[in-house]
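Taking the hints into account, I'd like the entire structure generated from these sequences.
Same order as they appear, the protein sequences are chains A, B and C. Following the working numbering, the residues of the first sequence are numbered contiguously, the last one being 289. Following the working numbering, the residues of the second sequence are numbered contiguously, the last one being 392. Following the working numbering, the residues of the third sequence are numbered contiguously, the last one being 292.
In short, the hints are calculated from the structure, not lab data. The model shown is predicted, which means the values in this text are computed figures rather than measured ones. A virtual CB, placed ideally from N, CA and C, is assigned to each residue, including glycine. One thing to keep in mind: the hints can contain errors.
Computed from the model, here is a short list of chain A residues facing chain C with C-beta under 7 Å [to be verified]:
no.	residue
1	E76
2	A79
3	P81
4	M168
In silico EDC-like cross-links for lysine to aspartate or glutamate, where the CA-CA straight-line distance does not exceed 20 Å [what the hints assert, rightly or not]:
no.	chain 1	residue 1	chain 2	residue 2
5	B	K106	C	E56
6	C	K48	C	D60
7	A	K83	B	E377
8	A	K83	B	D60
9	C	K48	B	D186
10	C	K185	A	D186
11	A	K83	B	D65
12	C	K48	C	E70
13	C	K48	B	E379
14	B	K61	A	D186
15	B	K78	B	E95
16	C	K207	C	E184
17	B	K61	A	E80
18	B	K232	B	E385
19	B	K106	C	D54
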Amino acid sequence: MVMAEGAAPPVVAEVRPSKGSTRPSRAGTGWGRRALTLVAIAAYIWLFLPILNIVVFTFNQPSGKYNLSWERFTLENWAEPFKDAQLTQAFWRSLVVAAVAVTVALAMGSLIAIALSRYRFTGNKLTEVFLVLPLTTPEIVLGASLYQLFLGRGVVLGQVTVVIAHIMFLVSFVAMTVKARVRGFDWTVEDAAMDLGARPMRVFWKVTFPLILPGILAAALLSFALSLDDYIVTDFTRGEFTTFPIQVNNAFRVSFPPQVNVLATLILVVTLILFTIGPLSQRRRGAST
Amino acid sequence: MTNRVSRRNFLVSTAALSGLAVGSTALAACGGSEESGSSTTAAGGAADTLTFDNWTLYIDKPNDDLFGEGGTLAEFQKATGIKVDYTEGINDNNELFAKIQPLLSKGDPIGATIIAPTYWMAGRLLQLDWLDQLPLSEIPNAANLIQSLQNPPNDPTGEYSLPWQSGMAGIAYNQAVTGRELTTMDDMWDPAFRGKIGMLTEMRDTIGLIAMSLGIDLANPDDQDYQPAFAKLEEEVANGQIRQFTGNDYVDDLEQGNYAACIGWSGDVAQLSVSNPDIKFVVPESGGTLWFDTMVIPKGASAEQIQAAGKFMNFVYDPVNAARITETVQYISPVQGVQEELRKMGGEAAALADNPLLFPDASTLARLQTWGTISEEKEQQMDEEFARISGA
Amino acid sequence: MAAATTDDTGLRRGRFAPYGLLSPGIIWLLLFFLVPVVMLVKASLSTKPSRFADPEFAWDFSNYTSALSEYSPEFLRSFLYAGTATVLAILVGYPLAYWIATCGGRWKNFLIGLVVVPFFTSYLIRTIAWTSILQDDGPVTALYRLLPWVGSDGRILATPLAVIGGLTYNFISFMILPIYVSLEKIDFRLTEAAADLGSTPWRAFRKVVLPLSMPGVFAGSLLVFIPAAGDYLNARYLGSPQTSMIGTVVQNKFLVQFDYPQAAALSLVLMVIITAMVLIYSRFLGTEGLAV
Chain A
1 MVMAEGAAPP VVAEVRPSKG STRPSRAGTG WGRRALTLVA IAAYIWLFLP
51 ILNIVVFTFN QPSGKYNLSW ERFTLENWAE PFKDAQLTQA FWRSLVVAAV
101 AVTVALAMGS LIAIALSRYR FTGNKLTEVF LVLPLTTPEI VLGASLYQLF
151 LGRGVVLGQV TVVIAHIMFL VSFVAMTVKA RVRGFDWTVE DAAMDLGARP
201 MRVFWKVTFP LILPGILAAA LLSFALSLDD YIVTDFTRGE FTTFPIQVNN
251 AFRVSFPPQV NVLATLILVV TLILFTIGPL SQRRRGAST
Chain B
1 MTNRVSRRNF LVSTAALSGL AVGSTALAAC GGSEESGSST TAAGGAADTL
51 TFDNWTLYID KPNDDLFGEG GTLAEFQKAT GIKVDYTEGI NDNNELFAKI
101 QPLLSKGDPI GATIIAPTYW MAGRLLQLDW LDQLPLSEIP NAANLIQSLQ
151 NPPNDPTGEY SLPWQSGMAG IAYNQAVTGR ELTTMDDMWD PAFRGKIGML
201 TEMRDTIGLI AMSLGIDLAN PDDQDYQPAF AKLEEEVANG QIRQFTGNDY
251 VDDLEQGNYA ACIGWSGDVA QLSVSNPDIK FVVPESGGTL WFDTMVIPKG
301 ASAEQIQAAG KFMNFVYDPV NAARITETVQ YISPVQGVQE ELRKMGGEAA
351 ALADNPLLFP DASTLARLQT WGTISEEKEQ QMDEEFARIS GA
Chain C
1 MAAATTDDTG LRRGRFAPYG LLSPGIIWLL LFFLVPVVML VKASLSTKPS
51 RFADPEFAWD FSNYTSALSE YSPEFLRSFL YAGTATVLAI LVGYPLAYWI
101 ATCGGRWKNF LIGLVVVPFF TSYLIRTIAW TSILQDDGPV TALYRLLPWV
151 GSDGRILATP LAVIGGLTYN FISFMILPIY VSLEKIDFRL TEAAADLGST
201 PWRAFRKVVL PLSMPGVFAG SLLVFIPAAG DYLNARYLGS PQTSMIGTVV
251 QNKFLVQFDY PQAAALSLVL MVIITAMVLI YSRFLGTEGL AV
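Encoded structure:
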């Protein structure tokens, strides 16, 4: 936090020194570039400081119920990542909710993206504005309104309502993300394939799908993160159902066990792996676009 | 207060006496049938019907396992054949209420047979007519309930709730930070501790302690005006004396030195002070609150489940079993005879028998008050005021 | 994906295909976004006969007047904190995005990915991690106390600084990504050309790069401001009673006080203010930039 404050002013300053220089250097070389690099490094440190804290504290043996002050090194927490039954249960629930919600939202959202970027139709503009609204509505309003809906209809809050809510805020997100990636895509490729005698289904899977796949993958990864991370909307739609963040928050009134850090680190590691595989596969495809 | 208590006690003892008479015959009857029945019911799975949703870290866990060998839940299963589906789902009374309200208001069962709301929340549930009567005939050990918790205002007839654990709210402080002993609420407002004072999000404890320090009684809340207490709280929030309102997480702030002092609960401090002797607990001279969490049965449970719940309550009201729980949670046990059982256990457990946080002396007990029932309207008003001031 | 088979007819009869493709998602949004918001409006005009009774619809606008009169400090604070966090996010996010776009080379994807990685750890846990990092006896606070205007008993936790810092931290990826996307589209040979023509790098940046990246900055600003304005977890963990935001009040009124009418009114006021901002935004810049 302090770092953010400290880092901010030099940002402006770093570009300035080169202002006076009349040297016709290439953009971004020299002092400006070096200062910019420093700012970037500081920003990365700031971004990763809490992550470092989380990972380091997986090796802590807290003296009390709160794993927030460093006591002594231990590997025990990693030996028993699933020791806290309730936390573990919430962790798996979170993954299941994310998997289901992301799958459904990807299907619905990608179709919307294709429709919007490929066709001109009445209501086009209206649809786009409508699609943006869930993204620009504060989560607390989304949560509160769903709470009203479910409560009013006598729907019992639980896993199903949480999944419904997650799909809701992910559909818009997926649609916008995929749409941004397929913008400018030349749809006549499809016609060409059709002209060559390919059947429509085959055209979709062989031509269209591979082209929008990178967009869908990016949307999938980010949606998964959004769903796993969600607290506010989930809090309003969950009833007795707890997800990982909810469980951590609720249990924080009583304890903050090291297993929270261990499970959070596990998610992080899996993400990093996916993340290293992702760009690799994308780069291969990237050659074709 | 004293008058009411003695009158109450009279009613209690008569009720307990009659209960005892009925109970002891029931015990004799049940004892035999359970012994023989346990194997058959366990095999048939018919008795496997009891769910208990409790607060986190509120029962013994041998080797970190709720059903560990020699633990309360394992012993109960051994004795009755009933496996308790025990969950630690409660972290906050209001959160609990928000969870069960939509179900109970429509007459739907909530899933758990026993839940553990704090006494005032149990009172609210009772007033809303959402509770079933306890099967007192199954619970002869209810006679072991300590006197001070008998027939409380939230459940005047004592037919709907039994205390699970009890505790005091008072001043918890880190002497390494304060550098001195604290004894009064005024010590909390010492400018030297500006920004290092914590309050509880539990309105009754925070407002209760402040109100008592201003000489306002808690037993008949509807006849009292608590505005001075709220004004005092607001003043200390506005001038930056109070840093934050928390649940049990104050223990972390206290240990880390973020807090010099705060309003805290006796059991937490009893556990903390083992590893950190600088952490102290004191009931302020003007008085502290005595609270208790209850076991209640929300409507919707089957007759079988209710019966099983009764057996469980009876089990934990046996001083031997109650002492086992006390040894872990270190709150005030509502069960008579726990002190003796702890002494018998020897070692660290025996030391607990002399801990004034678990067994407060007469002078401390005299300073404790429990909130009377607050009318719905007044409670709403107080909750809103408290939320506004505490920034919750 | 079964709905994709509408492509079958779609390519030939473009008139119906788009609606077929849209319908599953749009119907979902109608049911679980639009209808609930209408219910919320209805709730905001209701009264409750008693605390635990169901609200009754009554065209009661008093919820709005009392919402605004009683909670204007929280509204103002929310917008102030969210606004400050947005500015800070630009000040940190822009240089970072610029550096990745210009100096990243073939590591670009990796570097931009690194920005997203922290956000795969729950933001709640990251916020709690900040409470550990910033604790009063910790090294960060010790450094902070060296600052000339901070006393020896200065603290970061339980101050507006911590809350704003937490908001900035938690939502900054929503700033960096759109800025990066807009910078990526810029042909940096333009600035080189400008430099060749004798322009200073700073001037080239100001005249060429900055204007072209403004859509990213605007989109990022909305994406940071909106969740920050409605947030209540940062204030809960990093703040004090004096830093509570409107989200805190709405959450408490809904889930603790059961005062649905007023809570609904409060959240709708928040929604209206933000929607107005978004509409003004999209009028000038369109909705394209809002995709991350």
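Each hint tested on the structure:
A distance limit of 7 Å between C-beta atoms decides the matter here; for E76 of chain A the minimum to chain C is near 19 Å, and the interface restraint is violated. A least Cβ separation of about 21 Å between A79 of chain A and chain C goes past the 7 Å threshold, and the interface hint is therefore violated. The restraint placing P81 of chain A at the interface with chain C is violated, with a minimum CB-CB distance near 15 Å, outside the 7 Å limit. For M168 of chain A, the interface hint holds, the least distance from its beta-carbon to any beta-carbon of chain C being 4 Å, beneath 7 Å.
For a cut-off of 20 Å, the pair hint linking K106 of chain B to E56 of chain C stands: about 17 Å separates their Cα positions. Simply put, K48 of chain C and D60 of chain C have alpha-carbon atoms about 11 Å apart, close enough for the 20 Å limit, and the pair holds. For the given pair, K83 of chain A sits about 44 Å from E377 of chain B by alpha-carbon distance, which is inconsistent with the 20 Å threshold. Restraint check for K83 of chain A and D60 of chain B: satisfied, since their Cα atoms lie roughly 16 Å apart, inside the 20 Å limit.
Taken as a hint, the K48 of chain C and D186 of chain B pair is broken in the structure, with Cα atoms around 40 Å apart against an allowance of 20 Å. Taking the CA atoms of K185 of chain C and D186 of chain A, the gap is about 18 Å. The hint holds against a cut of 20 Å. Straight-line distance between C-alpha atoms of K83 of chain A and D65 of chain B comes to about 9 Å, which keeps the hinted pair within the 20 Å bound. At most 20 Å may separate the alpha-carbon atoms for a hinted pair to count; K48 of chain C and E70 of chain C meet this at roughly 19 Å.
Using a Cα cut-off of 20 Å, the hinted pair K48 of chain C and E379 of chain B holds, with the two alpha carbons roughly 15 Å apart. Under the criterion of a C-alpha separation no larger than 20 Å, the hint pairing K61 of chain B with D186 of chain A is inconsistent with the structure, at around 64 Å. The hinted pair formed by K78 of chain B and E95 of chain B fails the criterion: a straight-line CA distance of about 34 Å is larger than 20 Å. Proximity of K207 of chain C to E184 of chain C is assessed by CA-CA distance (about 17 Å); at most 20 Å being required, the pair is judged to hold.
Between K61 of chain B and E80 of chain A the CA atoms are separated by roughly 16 Å; this keeps the pair inside 20 Å, and the hint holds. Distance check on the hinted pair: K232 of chain B and E385 of chain B sit about 12 Å apart at the alpha-carbon level, within 20 Å; holds. Between the alpha carbons of K106 of chain B and D54 of chain C the distance comes to roughly 11 Å, so the proposed pair stays at or under 20 Å and holds.
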